[in-house]
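**Student:** One-letter residues, chain by chain:
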Amino acid sequence: MVLTVFAQVVVRWPEDDSLVNADARSNEADDIRRSGEGDSEAYRRLIERHQEHVGRILWRFTRDRRAHEELVQDVFVEAYLSLATYRAKAPFEHWLARIATRVGYRYWRERDRVKQAEPFSLEEWDQVTGDEDVLDRLEPNEAANLLHRLLGQLPPRDRLVLTLRYLEECDVAETARRTGWSKTMVKVQTLRARNKLQKLIEQSGTELTP
Amino acid sequence: MKWETRIQRLAARARTEPPPPIDVTHSVLAVLRAGQAEPIAVTERFWMWLAAASAAVAVPAAVVAVALYNASSGPLPEIINSIAWAM
Chain L
1 MVLTVFAQVV
11 VRWPEDDSLV
21 NADARSNEAD
31 DIRRSGEGDS
41 EAYRRLIERH
51 QEHVGRILWR
61 FTRDRRAHEE
71 LVQDVFVEAY
81 LSLATYRAKA
91 PFEHWLARIA
101 TRVGYRYWRE
111 RDRVKQAEPF
121 SLEEWDQVTG
131 DEDVLDRLEP
141 NEAANLLHRL
151 LGQLPPRDRL
161 VLTLRYLEEC
171 DVAETARRTG
181 WSKTMVKVQT
191 LRARNKLQKL
201 IEQSGTELTP
Chain S
211 MKWETRIQRL
221 AARARTEPPP
231 PIDVTHSVLA
241 VLRAGQAEPI
251 AVTERFWMWL
261 AAASAAVAVP
271 AAVVAVALYN
281 ASSGPLPEII
291 NSIAWAM
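As they're listed, the protein sequences go chains L and S. Here our numbering is used: position 14 in the first sequence is 14, and no number is missing along the way. Every position in the second sequence, counted from 1, becomes a number in our numbering once 210 is added.
Extracted from the complex, chain L is given alone in its bound form (with noise of 0.2 Å):
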């Protein structure tokens, strides 16, 4: 009887999802203080927790693997040197965001210096948006394609905005949040991005080339 009453806790246990959380919570923090002393383990096991979720992060800031994989280890090499800074006031992923969000916005900084936009064409942005069936049976991966590369046509600072806002469904709050910048900022730079992509894409039928 007290076996199978045991049981059923035992069995039930890891079910509850907040006396899980709570686990993987503590888990965590443990892991973070062990890396700030050095523990090169519990890094790791930081690494292996996070790199899905900063991965698909930066999937939106560049489409090129090479330079997607090194971005990824910047920001697990930035996120190690400034531990110390962590206050675990919010959790990890979000610190783990703020950066991945810095590291990408200055990625594109750096290629729109060397003037390294991708060509687009806005003949192409009307045959597939055009037709609501064909905007449906777009896969995802032409859908995301198209979208970086009418983006890519903005200034880096108007399409991190939009990024956040449209592909990575932020609000106003988080977009501060990621970027550093104040609300009223996060507003106003909204606004004036919108305002650019909606000139950009009222010239249709005019070839864009970087």
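Read the hints as simulated data drawn from the structure, not as lab findings. Just so we're clear, the structure is a prediction, and the values are computed from it rather than from any experiment. Be careful, since some hints might not be right.
As the list claims (entries may be wrong) - Listed next, the in silico PhoX-like pairs over lysine-lysine satisfying Cα-Cα at most 25 Å (straight line):
1. L:LYS199 to S:LYS212
2. L:LYS183 to L:LYS89
3. L:LYS187 to S:LYS212
4. L:LYS187 to L:LYS199
5. L:LYS89 to S:LYS212
6. L:LYS196 to L:LYS115
7. L:LYS196 to L:LYS183
8. L:LYS199 to L:LYS115
Position chain S relative to chain L; hints supplied.
**Tutor:** Quick look at chain S alone, frame taken from chain L:
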């Protein structure tokens, strides 16, 4: 369809795209080992701020000292000194 609705629908399709699988564990640890990088501890951060504050004070102090020295070693102070001695 409004332009922004098209963008939002395109973004909704794009969000379903899975990112490529990635594993940077070894490369990150290799970079950190090669650079012998260590996270900056709180005490180190304190010393860094102290050093920066000291430098911020020291530079203007040196500039003022040089200016005072130049002002007190020119021909005018020598004339004033000699007049004061004669009187």
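**Student:** State for each hint whether it applies.
**Tutor:** Now the hints, each set against the structure:
no.: 1; hint: L:LYS199 to S:LYS212; result: 13 Å, holds
no.: 2; hint: L:LYS183 to L:LYS89; result: 19 Å, holds
no.: 3; hint: L:LYS187 to S:LYS212; result: 21 Å, holds
no.: 4; hint: L:LYS187 to L:LYS199; result: 19 Å, holds
no.: 5; hint: L:LYS89 to S:LYS212; result: 41 Å, violated
no.: 6; hint: L:LYS196 to L:LYS115; result: 18 Å, holds
no.: 7; hint: L:LYS196 to L:LYS183; result: 20 Å, holds
no.: 8; hint: L:LYS199 to L:LYS115; result: 21 Å, holds
The structure does not agree with numbered hint 5 stated previously, though it agrees with all others.
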